[in-house]
Structures are given as C-alpha cells and as structure tokens.
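Sequences and hints are given; from them, build the entire structure.
Chains as they are written, first to last, in the working numbering: chain A, 1 to 261; chain B, 1001 to 1407.
Hints were generated in silico from the structure; no laboratory data involved. Warning: the hint list may mix true and false statements.
[As the list claims (entries may be wrong)] Sample of chain A residues at the chain B side, in silico, Cβ under 10 Å:
id : residue
1  : 62
2  : 150
3  : 154
[Stated by the list, open to error] Here chain A is said to cover these stretches of chain B; the calculated rule only asks that three of the stretch's residues, wherever they fall, bring their Cβ under 8 Å from a Cβ of chain A:
id : region
4  : 1013–1026
5  : 1029–1035
6  : 1138–1146
7  : 1172–1179
[Unchecked claim] Residues of chain B clear of chain A, computed beta-carbon distances all greater than 12 Å:
id : residue
8  : 1057
9  : 1091
10 : 1135
11 : 1155
12 : 1186
13 : 1355
14 : 1397
15 : 1399
16 : 1403
Glycine included, C-beta positions come from ideal geometry on N, C-alpha and C.
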Amino acid sequence: MSRLDPVFSACRAESRAALIGYLPAGYPTVEGSKDVLRTMVASGCDLVEVGLPFSDPVMDGVTIQRAAEQALRGGFRVRDLFGVVESVAAAGGRAVVMTYWNPVLAYGVDRFARDLAAAGGLGVITPDLVPDEGASWIEATDAHDLDRIFLVAPSSTEERISLTARSSRGFLYATSVMGVTGARDVVSSAAPALVKRVREHTDMPIGVGLGVRNGAQAAELAAFADGVIVGSAFVSAVQDGTVEALTVDLASGVRQAAASV
Amino acid sequence: MARGQLAPTPHDPDERGHFGPWGGRFMPEALIAAVDELAAFYEKARVDPEFLDEFARLLRDFAGRPSLLTEAPKFAAHAGGARIFLKREDLNHTGSHKINNVLGQALLTKRMGKKRVIAETGAGQHGVATATACALMGLDCVVYMGEVDTERQALNVARMRLLGARVIPVKTGSRTLKDAINEALRDWVANVDDTHYLLGTAAGPHPFPVLVRDFHRIIGIEAREQILDKAGRLPDVVAACVGGGSNAIGIFHGFIDDPSVRLVGLEPGGDGIDTARHGATLTAGTPGSLHGAMSYVLQDEDGQIAEAHSISAGLDYPGVGPEHAFLKDSGRAEYRPVTDAQAMEAFALLSREEGIIPAVESAHALAGALVLGRELGPEGLILVNLSGRGDKDMDTAIKWFGLGVES
Chain A
1 MSRLDPVFSA
11 CRAESRAALI
21 GYLPAGYPTV
31 EGSKDVLRTM
41 VASGCDLVEV
51 GLPFSDPVMD
61 GVTIQRAAEQ
71 ALRGGFRVRD
81 LFGVVESVAA
91 AGGRAVVMTY
101 WNPVLAYGVD
111 RFARDLAAAG
121 GLGVITPDLV
131 PDEGASWIEA
141 TDAHDLDRIF
151 LVAPSSTEER
161 ISLTARSSRG
171 FLYATSVMGV
181 TGARDVVSSA
191 APALVKRVRE
201 HTDMPIGVGL
211 GVRNGAQAAE
221 LAAFADGVIV
231 GSAFVSAVQD
241 GTVEALTVDL
251 ASGVRQAAAS
261 V
Chain B
1001 MARGQLAPTP
1011 HDPDERGHFG
1021 PWGGRFMPEA
1031 LIAAVDELAA
1041 FYEKARVDPE
1051 FLDEFARLLR
1061 DFAGRPSLLT
1071 EAPKFAAHAG
1081 GARIFLKRED
1091 LNHTGSHKIN
1101 NVLGQALLTK
1111 RMGKKRVIAE
1121 TGAGQHGVAT
1131 ATACALMGLD
1141 CVVYMGEVDT
1151 ERQALNVARM
1161 RLLGARVIPV
1171 KTGSRTLKDA
1181 INEALRDWVA
1191 NVDDTHYLLG
1201 TAAGPHPFPV
1211 LVRDFHRIIG
1221 IEAREQILDK
1231 AGRLPDVVAA
1241 CVGGGSNAIG
1251 IFHGFIDDPS
1261 VRLVGLEPGG
1271 DGIDTARHGA
1281 TLTAGTPGSL
1291 HGAMSYVLQD
1301 EDGQIAEAHS
1311 ISAGLDYPGV
1321 GPEHAFLKDS
1331 GRAEYRPVTD
1341 AQAMEAFALL
1351 SREEGIIPAV
1361 ESAHALAGAL
1371 VLGRELGPEG
1381 LILVNLSGRG
1391 DKDMDTAIKW
1401 FGLGVES
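Quick look at the structure:
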C-alpha cells in the first residue's frame, strides 16, 4: 500500500488533481523554509516536495540552482533536511523529498531512508536515478516503507515507461517537457500525450511537472493529470513574498478543472 | 591503420556500462533514450568497415596521425638515467590528443542524423578540437566553458569563435569544468532530438567511457609498435596525466594485456593532497555519482561535490572516468598525485632540455616520469604520453616563472 494513497484518494473523491508544491530545504534559510512550507500546506498544497540542495543540480533551471546555492552558502547540511520534513508533518502536512542521488549515497542509502521515514517523510523523488540502477534504493525504501517516485519523460520508450511504472510506488512523475525546471509561459503540448501513454501501463497516479507558474496553467494540467507539480514558481514567490497568494491561485486552478469536467 | 582500434575487448563493461561497481547510468530518464541511441549507433559503427575507414582517413589526413615517438635523453638525464620516450600527441592537429575523440564522435553525430553539437571544455583543448571537427563536417557547435576558464584561456575562446563555434560562459556553481558539464547536460535535455553531446573525456554515462576510450586507443596501439621498434622491448612504465582520464585510458589500453608494463596515472595534486586545493580524485576521492556514472569523486561528507584545484585547467575536475576507478581497484593501474610545483618544474625542464613545450596537463605525466625514472634506475624504460602542447599555457608560465619582458 502506498503511503501517498490517502492524498490521491482524497483528491479523487473531490474529482480533482492534487496540488504538489516544491521548495528547497534551507531556502531562504533552514527556519525560513519551514515557515514557507507551513504556509504552502495551510494555503492549499495537498503534498509538498522538500528539495535537498545539491551542488550540481543538472535537472534544474537557474531559479532552483540559485536557491540551492543560497541554501548551501548558508551552511545547509543534509541532516537539516529531516528537521524540515518533521516540521511539515507537525503542521499536518504531507511531505516527500526530492533529491539527487549522490547525497543519498554519501549519507548511506539505507540510513537516508530510515531517517526520512522516522522524520515523517512519505516518499522520495529521485530525478537522476533510473530504476535500472536503483536496486539498493528499492530495497531500502521497501524496508522503511517509503514511496519511491521515478520519472518518465516524453522521450521514454514504452518499455521504459513500463519498467519505471513497475518500479515506482506512490505516483509517477511525468516531466511535461524535455528540459530542466523553470516556469514557462506555455504549458507543454507533450504532457497530455505522455500521460495518455503512461496510463496504458499503470493505474498509479501521475503527477505532471515542469513549467507551471499559475492557476490557469494548473487547471490545464489538472484536466488530465492526477497531480500538478509546481517548483520554480514557489522559489520566485518566496523572493516576492507571494507564497500564500500563489498557493491559493494554484489550489483554485486544480479545482477549476474539476468544475469544467 | 590499426583496424582493430574500435573492436570489442575483454575489458569492455557490461551492456549497461558497468566496470565492476563503477560506471553505469546515473542520469535523468529524459536522456536515457539519447544514450541508448548513441550506444546502438556506436555498437554498429565500431565493427563497420566503412566507418572504420572513414575514421582512419580523418586521423591520417586531417589529424596527422600517426603521431611521432620521440626519445628525450637530456630530459631523462634528470630522471636517474632511465630512457624516456614521448608519445607526441602534441603534434596532432589542434595540439592535443582530443582530436581523436572528436573526429570519431562527429562522424557518429552525422550517422545519427543530428545537426548540432554541444560540448564542455576546461582548458579549451576539447572545445577547440570540437569546434574544428564541426567546422570540418558542417555541424553547428556550441561550447560551454566555465567563466573562470574563459578568463584564464582567452586565446582558446578566440580560436573556437574563429572556427565558428558559439562559446557560452557558465556563471553558476564554481564556474569551471564541472559546471560547464552541468550546463551542457541541461542543454542536451532540452535539445536532444537534433543535438549530440560530444563529451570530451572518458567519463559520463554509458556509452561515453567506452567510446571515448576506443577513439583514443589509437594512441596506445601506435605507441606499442613504435617503442618495440625503437627500444626493442616493452616499456617498464607507461605514464599519463589523469583529469577525466581520456588520454591515459587511450594509451593504457595499448599495454593493458602486457602484465610486465606498469600503468601509472598522474593526478593533479595542486597545492598538495594534504591541502584542500587539489584535483587528485583517485588518490583522495571517495565513491560517488557525478555526471552520469559511479566513480571516485571529490566531495564532502554530505555528498556535495568539491571544487577541484589545479594549475592545469584541463585536469581541474572533481570526478574521473569509471574505468580508471576499476583499474585502481583491480591494481592493474596505479595513480599518484603531482603538485603544481612539480608539474611546472617538469614543464620548464622539457622545454629547455628537449625544445618541446608541453601542455601543463602533460607536464604532470612528465613530473611523474622524473620520479619513476629514479625509482627504476638506469635500466628503466618509460613511455610518457605527451598529450598536448603548451602554447595555450603561456599565460600560466609567465605568471609562474615571471617570464615578462626584462626591464
């Protein structure tokens, strides 16, 4: 049974997609990230992704790169991640972690899964780990009952979508465009086609991310996805002091799609 | 030409690119299709006579192969009297071994029907070689280069631009080679349909470590024949500098099945490996995943990648190719650090004694040979891969030796 099942079941009961908001832990500071995440939870994020700042984030555009750099310059340590996750859980929110693979390796694969589960984390998204290389990770997440969210992309073959779906638990992360993170003006046309292909292989919920920055775009994705993932726009909103307003706008977006169906 | 240059060997990784626990593919799913495609094209090309002939022709008629083997007796006199031979990759077109790999990958790019090439560069040697191959073959070329490196290698930036490449300074992270690779990977994800990432070293996700190695195997194949011809026997030691490790793996493979030949890689020791300022990944690194493969990595205890430091921009990299990690563990190759000061001493010595100005990268191998020669004694025979020429390093030499105009 997936740890995230209650999130998606509740949203499904309301005939709507889940709103999934991302923020790097330690941004703008460790305590500051706890505050921002609490606001995101209170204002309408059904699930938050807590990012682990990494020195070499190859899947991230410049907004998240700079946020990660700021967190690391501020002295962020991997152990701080668990406190941030704990504070989300304490505020009644649900958290997964998004992390590049090397920090997990360095921390210890099993130890990372154990400490995250103990902090109340429900799962982990691994943007640069493919299931083919994930044997130790699959073992550790099974042992500590964490969901593991692998990614599929428009370039994924049917065979790889099938492998990835079989290896994942919780939901599948579909990257809507071929590209790195960052808010875009237009939501990709590749996303509906990808989600359709993925549904041929699995009944698991599908979250779609990359490029979403407002409620209207969220509504577009919510029409065909089970979760709408928003990242860079939240980082920018921290700078602008508009996190609550953005969350409310996005939360209304994922509900508009339901109204129009 | 050595027709067997690209032929499969018993030293190849498994089909997913693992050399024992090293290598593999630790990278975004979005790029898996592209590396699968590259691997499939390469597996066909490496046994296709038409591809092999075209590659051989380019190496001969464009790059100027075979490169010479030159004995360096006056330099060797400083190494305890051992005989030292230099494999003259510095004499290749564009001035380093890098041309071997770029010609091979540019041919593959055309076979895949892609029109655009991206590359990273540190010192600029790989960027210049890539820009050259793209000019030759009519491919669009974009080179990512850390902003710090564009400043210390301004001449190479100008060369790339003259050759028609777009050079994009990378302003994130440490603004050096590793960040240039990050930015190239970001470009590749967004443009993979029409773009080939022409990686410059024997690192990265499978199949890069194999195909980059294979395109450089010509170095070892030629050198083995040449030293047998000139010295009448196999060398005791083959010495090469190791940053990412492409020139070293190319020459090592010519001798890997000769158990009497020691393979020694010389790493950038910077200010010394007891300081934080070095790039000696195999000597001082720990296992990790960087830029798509498992290998030794310079990192802190949180797995954040460290900044490497070396006087040589081409060795200034906190990772290393996975096959070197495998060779280190198996004991088939050994790796030693060489400090900036040792490298610059060898740089000056070869220039003055032999009339050959080496690249600062290659000077690390020369410095290693000076030490190894003394260990071997007068009966010793050492083959050094002189991977590049030093014209690009004049700024560094002027600063290090105070070579300005005398007042």
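Each hint, compared with the structure:
For the restraint placing residue 62 of chain A at the interface with chain B, the shortest Cβ-Cβ distance is roughly 7 Å, inside the 10 Å limit, so the hint holds. The beta carbon of residue 150 of chain A comes within 7 Å of a beta carbon in chain B, closer than 10 Å, and the hint placing it at the interface holds. Given the 10 Å rule on beta carbons, the hint for residue 154 of chain A holds: about 8 Å separates it from the nearest Cβ of chain B. Given as covered by chain A, the region 1013–1026 of chain B passes the check, having 4 residues with a CB less than 8 Å from a CB of that chain where 3 are the minimum.
A count of 6 residues in the region 1029–1035 of chain B with a Cβ less than 8 Å from any Cβ of chain A is obtained; the coverage claim is therefore met, three being the minimum. Here the region 1138–1146 of chain B counts 0 residues with a CB under 8 Å from a CB of chain A, which misses the bar of 3, and the coverage is violated. Residues of the region 1172–1179 of chain B with a Cβ under 8 Å from some Cβ of chain A number 4, which satisfies the need for three, so the listed coverage holds. Remark: the non-interface label on residue 1057 of chain B is consistent with the geometry, its nearest Cβ contact in chain A lying 34 Å away (cut-off 12 Å).
With a least beta-carbon separation of about 36 Å from chain A, residue 1091 of chain B lies farther than 12 Å from that chain, consistent with its non-interface assignment. Its beta-carbon lying about 28 Å from the closest one in chain A, residue 1135 of chain B satisfies the requirement of being farther than 12 Å from that chain. With a closest Cβ-Cβ approach of about 28 Å to chain A, residue 1155 of chain B is found to remain outside the 12 Å limit, as its non-interface label requires. With a minimum CB-CB distance of about 5 Å to chain A, residue 1186 of chain B fails to clear the 12 Å threshold, and the non-interface call is violated.
The claim that residue 1355 of chain B lies off the interface holds: its Cβ sits roughly 42 Å from the closest Cβ of chain A, which is beyond the 12 Å cut-off. Its beta-carbon lying about 31 Å from the closest one in chain A, residue 1397 of chain B satisfies the requirement of being farther than 12 Å from that chain. Consistency note on residue 1399 of chain B: stated as away from chain A, and its beta-carbon is indeed over 12 Å from all of that chain's, at 29 Å minimum. Once the 12 Å rule is applied to beta carbons, residue 1403 of chain B is consistent with being away from chain A; the minimum gap is 36 Å.
The earlier numbered hints that this structure contradicts are 6, 12.
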